[in-house]
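Sequences listed follow chains A and B, in order.
One point on numbering: in the working numbering, the residue at position 84 of the first sequence is 84, and numbering is uninterrupted.
Counting from 1 along the second sequence, just add 356 to a position and that's the residue number in the working numbering.
These are calculated hints, taken from the structure and not from any lab test.
Keep in mind that the hints are not guaranteed to be accurate.
[Unchecked claim] Straight-line Cα separation of at most 27 angstroms, DSS-like style, residue types lysine-lysine; simulated pairs: (1) A:K278 - A:K195; (2) A:K58 - A:K102; (3) A:K231 - A:K278; (4) B:K442 - B:K478; (5) B:K469 - A:K84; (6) B:K500 - B:K489; (7) B:K492 - B:K479; (8) A:K84 - B:K442; (9) A:K58 - A:K93; (10) B:K454 - B:K478; (11) A:K102 - B:K469; (12) A:K93 - B:K425; (13) B:K492 - B:K469; (14) B:K469 - A:K134; (15) B:K479 - B:K469; (16) A:K231 - A:K195; (17) B:K486 - B:K500; (18) A:K93 - B:K486; (19) B:K480 - B:K491; (20) B:K469 - B:K425; (21) A:K345 - A:K285; (22) A:K134 - A:K195; (23) B:K433 - B:K500; (24) B:K478 - B:K463; (25) B:K479 - B:K500; (26) A:K58 - A:K195; (27) A:K58 - B:K478; (28) A:K84 - B:K454; (29) A:K278 - B:K433; (30) B:K479 - B:K442; (31) A:K134 - B:K489; (32) B:K425 - A:K282; (33) B:K504 - B:K491; (34) A:K282 - A:K231; (35) B:K433 - A:K84; (36) B:K479 - A:K58; (37) A:K84 - B:K492; (38) B:K469 - B:K442.
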Amino acid sequence: MWRTSLRAGCRGCRGFGPKGIWGSHAVRRCSAPAPAPAPAPALPAGRITARQAVDVWKRHFEERGVTEPDNSSHYIIAHLLGAKTIESLEHGKLTEFLSREKTEQMWQLCTRRLSRMPVQYVIEEWDFRDLTLKMRPPVFIPRPETEELVELMLTDLEMEPGAKVGADGQRTCLEVGCGSGAISLSLLNSMPQLKSIAVDQSQDAVDLTRENALRLGLQDRLQVYCIDVLKDAETVVSLCSPVSALVSNPPYLFSEDMTSLEPEIFRFEDHAALDGGKDGLKVIKQILTVAPQILTNHGRVYLEVDPRHPPLIRRWVEANVEEMHYVETRHDINGRPRFCILQKKKSNKDHRLDQD
Amino acid sequence: MSRLVPFICCMYGRVTWRGLPLLTPLPPGLPRVLAVGKKDLVDFPVLNEDELEEQFVRGSGPGGQATNKTSNCVVLKHIPTGIVVKCHQTRSVDINRKRARDIMREKLDVVYKGELSEVVLKKKEAELRKHEKRKKANDNLERKRQFKEALAADSKPGSDTV
């Protein structure tokens with residue numbers, strides 16, 4: 001069983017059929033020929049303990065230049081033994097012998113990691129704030145910085161009553177570029193009175209978001225649509241009833257920075273979820289252009305961006321989107337400017353229902 | 357304000373916790389111990405973020421979308437006391453940050469309140485309960501023993517039987 005997974009390395013731009021590594025919709029652009037997959041250490045003949053398996057693979061990852069060799073083997077063994085982290089494993093579990101089946105699974109999963117597949121794709125799940133989400137390539141893996149985006153949104157939304165829209169008095173939020181659904185689902189989970197709409201140009205992302213919503217029992221408060229905001233803004237505007245908040249972690253990397261990405265990202269994650277064009281602002285600008293048509297008066301936009309963006313966005317909005325006011329820039333845990341908050345000014349020509 | 361605030365100033369100046377004015381001497385005694393112990397976390401110190409230094413291992417890379425690292429260990433330092441808390445209990449940085457602060461609150465509670473800190477109080481309460489349980493068990497055994505003796509005395513020859 002474990003031998004077949006040796007093929008799980010990067011093979012250039014081919015998927016492996018409809019349910020292949022990257023699914024049928026991913027379009028990959030690899031600038032270099034894919035390296036041959038590294039051979040895995042031999043499956044042990046006798047029994048080994050979990051600790052021994054971890055040590056074997058940690059050493060092997062180090063020898064093969066696989067980044068985060070200890071974290072990788074730790075997360076994989078913990079997952080196999082039913083825990084999230086190696087620290088939360090029952091005392092003594094690591095010194096127990098692994099069953100034959102578990103040993104083979106360890107070898108299979110670690111071999112995938114040898115190909116530089118991100119750990120989150122190897123174990124097919126990851127945590128975002130207090131949620132566990134299913135992960136699947138090439139859908140973008142949520143980053144820790146984005147947890148902070150949710151935190152600051154929640155603080156904002158809970159503080160000011162804001163415009164209540166909809167007959168039932170529930171607040172609605174729109175997410176552009178939902179990926180695995182991390183942001184929307186986290187907001188819904190923390191705010192029982194919130195309803196959300198999530199859109200993504202990738203069908204894989206839409207499918208995964210719906211799957212995660214179902215797993216978390218949040219599907220009743222979330223609508224997910226496959227729409228490209230760059231090509232089809234009118235549909236976004238017509239589908240979304242006026243919303244009081246718009247949130248996005250849009251592709252914001254500069255095109256020229258794409259080629260220096262680590263293999264974990266370059267080979268496995270959807271480039272369309274990363275590449276924001278020459279100045280990284282392609283999708284951001286479109287979102288801000290469309291925002292006034294979607295937001296209620298005083299409704300807010302929350303964006304995660306590249307650290308170079310905040311002053312550029314402020315200047316651009318002041319010159320090009322008269323209805324939007326740049327409120328503030330917030331920093332991430334590493335002290336980098338990371339989040340932009342903007343607000344729709346009250347508009348006299350807004351004919352939509354709003355209370356303020 | 358200088359970050360090198362002496363410990364003693366910090367205690368009376370900037371750290372407060374709910375319900376207990378710092379400068380009032382706390383009356384000792386059993387009733388207070390039990391009452392405080394019953395409510396979890398109510399009397400832990402409130403953290404002042406200005407006094408905390410937080411480090412998160414994310415590498416020197418650009419971060420954000422350009423990085424995918426799974427290391428999410430959070431290191432929290434309380435500058436006035438020098439206490440350092442490390443947390444990598446979960447796979448979420450956000451949760452680790454919150455937990456690190458919870459642990460920091462517990463540690464500061466011990467430092468500031470000593471004998472009256474939650475950790476120490478809980479321990480005392482547990483010991484008290486254990487002691488009472490043991491006493492009760494021994495009392496029961498003693499009563500049973502006396503009862504048996506009384507029965508044995510009744511059934512001896514020479515005593516009246518109906």
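Evaluation of the provided hints:
Between K278 (chain A) and K195 (chain A) the alpha-carbon distance is near 34 angstroms, which puts this suggested pair outside the 27 angstroms criterion. Restraint check for K58 (chain A) and K102 (chain A): satisfied, since their Cα atoms lie roughly 17 angstroms apart, inside the 27 angstroms limit. Our distance criterion of 27 angstroms between C-alpha atoms is met by K231 (chain A) and K278 (chain A), whose separation comes to about 18 angstroms. This hinted pair checks out: K442 (chain B) and K478 (chain B) have alpha carbons roughly 23 angstroms apart, not beyond 27 angstroms.
Between K469 (chain B) and K84 (chain A), the direct Cα distance comes to roughly 35 angstroms. Violation of the 27 angstroms bound is thereby established for this hinted pair. Between K500 (chain B) and K489 (chain B) the CA atoms are separated by roughly 17 angstroms; this keeps the pair inside 27 angstroms, and the hint holds. The straight-line distance between the Cα atoms of K492 (chain B) and K479 (chain B) is roughly 20 angstroms, inside the 27 angstroms bound, and the hint therefore holds. Between K84 (chain A) and K442 (chain B), the direct Cα distance comes to roughly 18 angstroms. Compliance with the 27 angstroms bound is thereby established for this hinted pair.
For the suggested pair K58 (chain A) and K93 (chain A), the alpha carbons sit about 18 angstroms apart, so the restraint of at most 27 angstroms is met. A C-alpha spacing of about 22 angstroms is found between K454 (chain B) and K478 (chain B), which places the hinted pair at or below 27 angstroms, so the restraint holds. With a CA separation close to 48 angstroms, the supplied pair K102 (chain A) and K469 (chain B) exceeds the 27 angstroms bound. In summary, the hint linking K93 (chain A) to K425 (chain B) is supported, as the alpha carbons are separated by about 26 angstroms, within the 27 angstroms threshold.
Straight-line distance between C-alpha atoms of K492 (chain B) and K469 (chain B) comes to about 32 angstroms, which puts the hinted pair past the 27 angstroms bound. A threshold of 27 angstroms between alpha carbons decides the hint, and for K469 (chain B) with K134 (chain A) the separation of about 44 angstroms lies outside it, so the pair is violated. The hinted pair formed by K479 (chain B) and K469 (chain B) meets the criterion: a straight-line CA distance of about 14 angstroms does not exceed 27 angstroms. For the suggested pair K231 (chain A) and K195 (chain A), the alpha carbons sit about 25 angstroms apart, so the restraint of at most 27 angstroms is met.
For a cut-off of 27 angstroms, the pair hint linking K486 (chain B) to K500 (chain B) stands: about 21 angstroms separates their Cα positions. Only pairs whose Cα atoms come within 27 angstroms are accepted, and K93 (chain A) paired with K486 (chain B) is rejected, the gap being roughly 31 angstroms. Simply put, K480 (chain B) and K491 (chain B) have alpha-carbon atoms about 16 angstroms apart, close enough for the 27 angstroms limit, and the pair holds. In summary, the hint linking K469 (chain B) to K425 (chain B) is not supported, as the alpha carbons are separated by about 39 angstroms, beyond the 27 angstroms threshold.
Proximity of K345 (chain A) to K285 (chain A) is assessed by CA-CA distance (about 17 angstroms); at most 27 angstroms being required, the pair is judged to hold. Of the pairs offered as hints, the one joining K134 (chain A) and K195 (chain A) holds, with about 21 angstroms between alpha carbons and a cut-off of 27 angstroms not exceeded. Using a Cα cut-off of 27 angstroms, the hinted pair K433 (chain B) and K500 (chain B) is violated, with the two alpha carbons roughly 57 angstroms apart. Among the hinted pairs, K478 (chain B) with K463 (chain B) is consistent with the structure: their alpha-carbon atoms are about 14 angstroms apart, no more than 27 angstroms.
For the hint pairing K479 (chain B) with K500 (chain B), the CA-to-CA distance comes to about 32 angstroms; that exceeds 27 angstroms, so the pair is violated. Proximity of K58 (chain A) to K195 (chain A) is assessed by CA-CA distance (about 44 angstroms); at most 27 angstroms being required, the pair is judged violated. For the hint linking K58 (chain A) to K478 (chain B), the alpha-carbon distance of about 41 angstroms lies beyond 27 angstroms, and the restraint is violated. Only pairs whose Cα atoms come within 27 angstroms are accepted, and K84 (chain A) paired with K454 (chain B) is accepted, the gap being roughly 17 angstroms.
Between K278 (chain A) and K433 (chain B) the alpha-carbon distance is near 40 angstroms, which puts this suggested pair outside the 27 angstroms criterion. Of the supplied pair hints, the one linking K479 (chain B) and K442 (chain B) holds, its CA atoms being roughly 24 angstroms apart against a limit of 27 angstroms. A threshold of 27 angstroms between alpha carbons decides the hint, and for K134 (chain A) with K489 (chain B) the separation of about 48 angstroms lies outside it, so the pair is violated. Note on K425 (chain B) and K282 (chain A): the hinted pairing holds, with a Cα-Cα distance of about 26 angstroms set against a maximum of 27 angstroms.
Of the pairs offered as hints, the one joining K504 (chain B) and K491 (chain B) holds, with about 20 angstroms between alpha carbons and a cut-off of 27 angstroms not exceeded. Between K282 (chain A) and K231 (chain A) the alpha-carbon distance is near 12 angstroms, which keeps this suggested pair within the 27 angstroms criterion. Taking the CA atoms of K433 (chain B) and K84 (chain A), the gap is near 25 angstroms; set against the 27 angstroms cutoff, the hint holds. For the hint linking K479 (chain B) to K58 (chain A), the alpha-carbon distance of about 41 angstroms lies beyond 27 angstroms, and the restraint is violated.
The hinted pair formed by K84 (chain A) and K492 (chain B) fails the criterion: a straight-line CA distance of about 43 angstroms is larger than 27 angstroms. Between K469 (chain B) and K442 (chain B) the alpha-carbon distance is near 22 angstroms, which keeps this suggested pair within the 27 angstroms criterion.
Of the hints listed earlier, those the structure fails to meet are numbers 1, 5, 11, 13, 14, 18, 20, 23, 25, 26, 27, 29, 31, 36 and 37, in rising order.
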